[in-house]
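Just so you know, the protein sequences line up as chains A and B, in that order.
Heads up, the first sequence is in this note's numbering, so the first residue is 225 and it goes up one at a time.
Heads up, the second sequence is in this note's numbering, so the first residue is 14 and it goes up one at a time.
It should be emphasised that the hints constitute simulated quantities derived from the structure, not laboratory data.
None of these values were measured; they are calculated from a predicted model.
Just so you know, not all the hints are guaranteed correct.
What the hints assert, rightly or not - Across the chosen pairs, the derived CB separations fall in these ranges:
#, chain 1, residue 1, chain 2, residue 2, range
1, B, D34, A, R427, 35 to 41 Å
2, B, D28, A, T332, 21 to 27 Å
3, B, Q71, A, A426, 51 to 57 Å
4, B, P142, A, R427, 41 to 47 Å
5, A, D406, B, D34, 38 to 44 Å
6, B, K197, A, E250, 22 to 28 Å
7, B, R32, A, R427, 35 to 41 Å
Glycine included, every Cβ here is placed at the ideal spot set by N, Cα and C.
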Amino acid sequence: MSTDRDRILSEFVDAWSAGARPDVDEYVARVGEDERAELSAELAAFLRFAPTPEYSDEALDAIRADPIVAEALAASSGRAGLLPSLLTRLRERLGMSNADVAGELVRTLDLPQDRAPKAASYLAQLERGQLEPSRISGRVFEVLAKVLGVPRSELEGAGDVGGWAAPGAPAAAFRASDEAADAAAPHLDLLARGLATPGESARDEVDDLFLGGR
Amino acid sequence: MPFEPDHVLLGKFVDAHERGDLAAASDHWERLAVNNFDRVKNTVKGFRFSPGGPGIPQDEHGSAASEAFLRVMAMSAGFRKRETGRFYAALATCVENACRDFGRKELRHQKRSAGSVDQRFEADGETGPFDAALAAYDADLRRQTEEALEAEAARQNAESLVAWGIAQITNDNYREVLELTYLKKLSGEVIADRLGVSLENVYQRRRRGILELERILREHRS
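With the sequences and hints as input, model every part of the structure.
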């Protein structure tokens, strides 16, 4: 003899397969408190390998308009990709500040504690999308993964999705005109002087970690 | 943009990667993620930290689904399989990990202590609950490929992980209903009509079959 739970699970399956976008909460609410955990588990078991229904154009539009989807799609199409959104979300969920994460970073990597503010500054840049993920050392990803409790591959993957990860368009090839050398010379001189001028502080291990590449 | 099935999008995604067209690959993965958003969201809602135990608090469903969806989007960097069953297994692992992480936030001060919750995240040591079934499935495919004629081998390779899992179910009644549910996508009423059984019987076989399939794919040991 089937039970109400059997019927409700089956109704969810049918609604799913028809592309009607059933909601687990609504179906779970149809059974008594004592059966909700079991029905949830059964619905989850179905969903893991359920064939994706053939959604209508309207259903797909509705999915894209969901705030969760819209936010993720906007992040992935941005230059900095998914990493800033994901890092910020993970850190805030754990109730940690950038200073907390930076403290863990320098401690784990055996760096002097006075480097923590600089590391925090880099982490803030990263969350603002101002730091290119491919320039960040794998050691940083490793520590962030441990501190934030996610697989390293997911963080690196988030860094690989986005404008910075995509190769740039090939530069246009052109034949320099006779005046090109004269026109470029002052700019090249300026660049050379800039590169030769010592900075206020020397590049240190933290710079290497965030700018040196994987 | 009209609907395209997951297997088509996965194929296009892998093809785009292989020819180095990262923009196209990203576009195909994005559409895959959209196709599977309801799966992600509902899996978060149905998730339980232990069998029969509590799930994620209802007021955190949105945050958890948002994080899980971002992590599914990020999966594109490392996923290169063409088969939907493998994609669903990876997606389920990713979403369930995201859900578990929600239960770990209060442990953040214990995380750095010995035997901490970080153990799951050893570098290069990522395993999922479906890995054993996937390995057994791979082994089966390899063995069958060696034994079968070329045409037959091609057919075997085309079978999905889910079809393979259903074929492992020993109870004929459950297996029959699952084939019609997962592979033919028929409604309960049509299945009852086709098999000449009551709707209640279909409900019962479906539930038991779904749990059996889940057990096979999650716990199978090669």
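Here is how each hint holds up against the structure:
no., hint, result
1, D34/B with R427/A: 35 to 41 Å, "holds (36 Å)"
2, D28/B with T332/A: 21 to 27 Å, "violated (40 Å)"
3, Q71/B with A426/A: 51 to 57 Å, "holds (53 Å)"
4, P142/B with R427/A: 41 to 47 Å, "holds (45 Å)"
5, D406/A with D34/B: 38 to 44 Å, "holds (40 Å)"
6, K197/B with E250/A: 22 to 28 Å, "holds (26 Å)"
7, R32/B with R427/A: 35 to 41 Å, "holds (38 Å)"
When each numbered hint is compared with the structure, a violation occurs for hint 2 only.
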